[in-house]
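The chain contents come next:
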Amino acid sequence: MENEKKGTSIVVTSGKGGVGKTTTSANIGTGLAMLGYSVVVLDADIGLRNLDVVMGLENRIVYDIVDVVEKNCKLKQALIKDKRHENLYLLPAAQTKDKTAVSSSQMVELVNELKENYDYIIIDSPAGIEQGFQYSIAGADEAIIVTTPEVSAVRDADRVIGILEANEIYQPKLIVNRIRQDMVKRGDMMNIEDILDILAVKLLGVVPDDENVVISTNRGEPVIMDEKALSGKAYRNIVRRIIGEEVDFLNLENTNQGKLSKMMKILFGR
Amino acid sequence: MSNSMISIKGIADGVYINVEGNDYNKIKESLEMKINENIEFFKGSKLIDVVGEELTLDIKTEIMLLLKYKYDFVLKNEYMILDREIEKEDLIKNNKIPNIVEEGMTKFVHGTLRSGQEVSYNGNIVVIGDVNPGAVLRAKGNIIVLGLLRGVAHAGIGGNKNAIVAAYSLLPTQLRIDDIIVRPPEGDSYYKYPEIARIIEDKVIIEPYLPNK
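Protein sequence lines, in the order shown, are assigned to chains S and H.
Under my numbering, think of the first position of the first sequence as 1, with each following residue one higher.
Under my numbering, think of the first position of the second sequence as 1001, with each following residue one higher.
One or more of the hints may lead you astray.
Think about it this way: if two alpha-carbon atoms lie no more than 27 Å apart in a straight line, the pair counts; the simulated DSS-like pairs of lysine-lysine are [what the hints assert, rightly or not]:
1. Lys-202/S to Lys-1192/H
2. Lys-1070/H to Lys-1028/H
3. Lys-71/S to Lys-81/S
4. Lys-76/S to Lys-99/S
5. Lys-185/S to Lys-1192/H
6. Lys-1026/H to Lys-1070/H
Keep in mind the hints are simulated off the structure, nothing from the lab.
Working from the sequences, and respecting the hints, build out all of it.
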């Protein structure tokens, strides 16, 4: 059985809501597709679907994950091809149902079917640790934990890592989202070391707090396609680390400083 | 029913006796019943140890004396019943070891305990790893953390005021020993050396456990 599978399924989760799971899922999915992999991003947040909006595919939804599970349609019919990338697909959540519409075993079956045809399955998990979270992790081979530099988010991340371990998903990787280097410098925000000290997991990447993310999210174009944005660069690095490349961590020093220092950076090469 | 309180385990060197509960009379009754079922077999057996989660030293000594004099058991370590009390008193008097709970049963936890995880045990708990905020340890005996203790630790549950909590870094959200609850003072105090918490005169006292540091 194990050998037949082709792809890898990765669940993006956090425990706490609003830390950027959906944005991260959209960007990672898009990034992997940009590198030529075939990717399905799966919105597991039934009842509160967002991933379609963030990817700008909302108006193309005909069938959703519940239709697939209930066999109202074929899996292929529910997959929405991305506007810009040939090999990127979205499996949208249902909006009119709730989390009881899908069970863990149905999810495992669905993800296994997807893995036979695609390189990466990115599962965007709902917030919380209830049923929606449980079926989201059921089909996952690996996990990416998203947190922000806040004590509450880190606490929830810790809880989730514990539950993942109990479900035999070991060594999740961490993305610290929305960090503000100026605040860290002043000692007003948790720094990466503080977070890693508690969570003791491998760091996959650090994404700076960047207004470009808000702009691109509202436009339905993942920021990873924005060549200039620092957050886009951070996501591109994250994707390269997912496929196993060694990439140095971004220098976020100058993110929130004035134009002068940016000029200096350009003129004198950092 | 009462037989389930006692299990006797034989190994090459002799027998172990495992005891449940802490009521001497009940233990004695079911132990004697068990031995009398097969008196010839047990007579003159070599006794290695008596163990049990709730077993106190007094009951243990009583059981050993009973077995020795009534059923001719040979005790592997005679001093276990003769010298132990004296030895312990001496050590405490001379301040050689801290006045802590008699060893008893211990649960070892390997790895980090994360938020929402809980370990309860009718004895001591040793964690080889960190205890993160949101995790809870509950022990009848002592709690030792070979790492950072940032969660909640409750030692000495059920009236054990001699219980201790010790950690490489003792930064608990809350610390409880028996029925005394303390929390760390406001403000971050991060000590780089191992510390031990214990009750002295109804107050929880925290101090380095290496007096020379």
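How the hints compare with the structure:
1. Lys-202/S to Lys-1192/H: Distance of about 25 Å is within 27 Å: holds.
2. Lys-1070/H to Lys-1028/H: holds (12 Å)
3. Lys-71/S to Lys-81/S: holds (20 Å)
4. Lys-76/S to Lys-99/S: holds (22 Å)
5. Lys-185/S to Lys-1192/H: Holds, because 23 Å separates the two Cα atoms, which is no more than 27 Å.
6. Lys-1026/H to Lys-1070/H: holds (17 Å)
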